[in-house]
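A.B. asks: Note that the protein sequences, when read in sequence, are chains A and B. Take the first sequence: its position 457, counted from the start at 1, is 457 in my numbering, and no numbers get skipped. Take the second sequence: its position 148, counted from the start at 1, is 148 in my numbering, and no numbers get skipped.
If a hint is listed, it holds; no wrong ones were tucked in.
Where chains are identical, the list cannot tell them apart; a pair therefore holds if satisfied intra-copy or between any two copies.
Calculated cross-link-like contacts (lysine-lysine; reagent style DSS-like; alpha-carbon spacing at most 25 Å):
#  : residue 1 : residue 2
1  : LYS414    : LYS313
2  : LYS222    : LYS408
3  : LYS313    : LYS432
4  : LYS432    : LYS5
5  : LYS393    : LYS222
6  : LYS222    : LYS414
7  : LYS173    : LYS260
8  : LYS313    : LYS222
9  : LYS313    : LYS260
10 : LYS313    : LYS393
11 : LYS414    : LYS358
12 : LYS408    : LYS383
13 : LYS291    : LYS260
14 : LYS374    : LYS414
FYI, nobody ran anything at the bench for these hints, they're computed from the structure. As the structure is a computational prediction, the values presented were derived from the model and not from experiment.
Protein chains: 2
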Amino acid sequence: MSNTKLRVLPLGGLGEIGKNMTVVEYDGSIVVVDTGLRFPTAEQVGIDLVLPDFTYLRERADDIEGIVITHGHEDHLGALPWILRELGTDIPVFGGPLTMAMARSKLDEHRLKETDLTDVTPGEKLELGPFDIELVHMTHSIPDMMAVALTTDLGTMLITGDYKFDQTPVDGKPADVTRLAEMGREGLLLLCGDSTNADRPGFSPSESVAGPGLEAVFGRCKGRIVVTCFASNIHRVQQVIDAAKIHKRKVVLVGRSMRKNINIGRMLGHIEVPDGMLVQPREARDFPDEKLIIVSTGSQGEPLSALRRMAYKDHPQVELHQGDTVVFAATPIPGNERAVNDTIDRLYHIGCDVITAKDAPIHASGHGYQEEIKLMLNLTQPKYVMPFHGDHKRIHLHAELAEAVGVKPENIFKGENGLPLEIDEKGARFGKPERAGMIYVDGVDIGDPTDVALRDRRMLSADGIFVVVATISEQDGSSVADPEIIFRGVPYSQDAEKLLGDIRESVNHSLERAAKDEIREIDLLQQLLHDDLAKFVYERLRRRPMVLPVVVEV
Amino acid sequence: MSNTKLRVLPLGGLGEIGKNMTVVEYDGSIVVVDTGLRFPTAEQVGIDLVLPDFTYLRERADDIEGIVITHGHEDHLGALPWILRELGTDIPVFGGPLTMAMARSKLDEHRLKETDLTDVTPGEKLELGPFDIELVHMTHSIPDMMAVALTTDLGTMLITGDYKFDQTPVDGKPADVTRLAEMGREGLLLLCGDSTNADRPGFSPSESVAGPGLEAVFGRCKGRIVVTCFASNIHRVQQVIDAAKIHKRKVVLVGRSMRKNINIGRMLGHIEVPDGMLVQPREARDFPDEKLIIVSTGSQGEPLSALRRMAYKDHPQVELHQGDTVVFAATPIPGNERAVNDTIDRLYHIGCDVITAKDAPIHASGHGYQEEIKLMLNLTQPKYVMPFHGDHKRIHLHAELAEAVGVKPENIFKGENGLPLEIDEKGARFGKPERAGMIYVDGVDIGDPTDVALRDRRMLSADGIFVVVATISEQDGSSVADPEIIFRGVPYSQDAEKLLGDIRESVNHSLERAAKDEIREIDLLQQLLHDDLAKFVYERLRRRPMVLPVVVEV
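So here's chain A without its partners, still in its complex pose (with noise of 0.2 Å):
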């Protein structure tokens, strides 16, 4: 067995924030930590989520002995009911209770009912395959948050997922630091850490700050509050609720992922919620605004969210006015910033007053600062280390830090998704990278970046199209109707009867001159029409659309 290999294949996570996944080989076998999604940018037009590209598995999916997920976020487990449809829904899953009550409400919303969820308590041991797991209770910004650690033959690996060591969490259960000690003094192989924050110096400020900050806030507010905050930081919406009652507010909660992740944190007993404090969304009229605190969802600007339609005077149930008190316990995700930026100033401009984390302790993150980060690799004692969950600044940073603690440089891993790290009895090396990146999910479907349609959407976006119909005759090529021009989406300022005129004259130039050459071949007629027409439009109109020649023939 000495000459077996571990192999730890990032398909996402690395060199970016988000889509966080992890393949780890061992003797033939696979297990797959967190299966996570991203957001789309400005650019993706038209794409709805981005997936890692897990081509990878899809040859080794027999291999899959189970797939773990760390936490229930959406970037560790928002791609889970895609992998499982293309991979097969009887692939195990595992993880905290929590997070696999999260996990089957999103694939019940995928209507893939035959799956195989099995929830697991930290210090519980898990057999697959060759890899004994364990999982070991961490804290973040929601509960039941796990790392995984992978014991083979060579030692043990540790996957932290998103940690912090909140030592006052709001659950009373801080992170075991003990376990992770135990398993550095026994000598871990290999540490994936969490690097989202290896870029802030100290200590992460605990999620028990923000109780106080909401309280103090919540005091200084005379009219109706709103409270905007992740759906999933359960023990945020907790203090909330907390500090609404020693203000004597009910509290309405608005927003369908806020209302779903408070049901099913109430049913696993991660939050408490006194009998008659909360108020439907529809009651919330019967009371007095100074009686009201309404948690609701679109703390990053989120288009169809409940906070950014009652900014644009737009939401069914709640009307904001004068006197109401938005209060953000939360920050901007990167690139969110204008979505929220747009938000606050709508908010303003109704004359709310709204108040951020820049202004009060009312938000604390769930990711471990440099300190946290030093202390992780100290508990663990790693051999080897390899930078998880950050862009490639992040992932250089965390790595200063390991070598800050005394980790030796040689074996300081900076990856990149799709390079996969290979550890033997000899060592560790990277081997040869395989297949990683993005697909897209375009409505129900996945599709490759790649993706011709997107490329055309882009171009469409850009500048617009252009339709020529060209109807000529099957005897002798003769054109037999007058060519038909249709534009949609060209910006254009000149008058549009003499610029289809003068396209109209262009594209009849073309066809006489490929009857002359007797061009007669549909496909080369048409890149004949393509070739004249786009050129045509650019010397007109200095823009390149799409040009799309239909050639008829009766």
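On the provided structure of chain A, position chain B as indicated by the hints.
C.D. replies: Leaving out everything else, chain B in the frame of chain A:
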């Protein structure tokens, strides 16, 4: 004359950051202060630039006595070519010498030669119709920034433009507080002040702090240095050059606007470059890395900028490598965060070290903070206050600052684009809203945002397009060729042949139905094909692509 109203009509810059433009009217005459533009957001697909809607001025072009530009930044100057082109190149334009030089360069690029630009120096008096105008020297992140005082029989109003009270500016010329204080003593009627940093407490740091900051950073760099900042921030570039001199490095200017602005700045004496200091980009290879500083455009991650191209290993002259340090002497403008972060991450991937304004004091904002806004209010002692240059949030905060220094709440006007403030001897109040908003620059032409082309492009970019061509007989309306179906940008994963076959069948059905119902008019037939196909496609793909039916009669 006592019945004559002063009207201050902002056409841009209120309720937004950017495209500042104000119309000031008195006794039938108009002076325009600033003609700025904005850059499009990601949702404004295919749009190049956003200008203020100046429809209001089209019918009043003859009443315009002149345009006064406060300084050379795009958000105050950039729309000038379009405005002169549309309203008349004979409208006189006034501003500081650097501002006018930048305007001239811009107008030249638009081939507007016969324009009337006049350099104005601070203190010089201008008479434009009923307005006595005086420019007041201020400090900002570009030299030659001047506030505009407009005096009529009713008193003096001041439009501050963008300013800070830099006590130690790089050129040794602080803002003319003496003149501002005089105006205050004489009694200012109305202050329209910059609100950009109304959310920042305290006093902004002086531009002079960036020099020692850059010098210290450069001292720690072993290899080549790339510094990026706004090309118009001539004093920042001066400080880079000064620090380069201390560290005995040559300076290479990269990027078209960087070279252009520094040229203009040198000609006008705003920047001093020692002889032999500048090296051409193509000569840079002759110097060792540790002897070079490259000053580059691209601090905002702009797609075609020099730095972005370097980061993507696509720059013709500069190839970055491990050991290079890239210094961002600018902070991202809201909305640019993702592009800047992308650029930074590519640089880390190459192996460069990256220093930003978070790491060292190498940047200072050009806009005064809260204490400076209060100082402006206290110096000028205005009767009425109308905050300018800010989204609703910042306008609201500026209004709070005005109240804090003792301006009566009823004399503070929180305005909006298109809402004129009217002042006469009886008092001040908002008048009837005028048309204001955006117009888009789409290539070389300008258009309305409700423009069909843009709406079409949004639709095309979301779901693509289906084109269906039906060829029917002129005699009896029967189909004489199989319908042609072409689609582009439509996301689908079904078998294309089968999908096309089914669609063709559906189109044939529609044609048969039309023939039976004797629908022969092309418009009606196209409408029917459109509705039937859109319905069919939505049922099959759950998408709403644009559907473009073409009926050809032969």
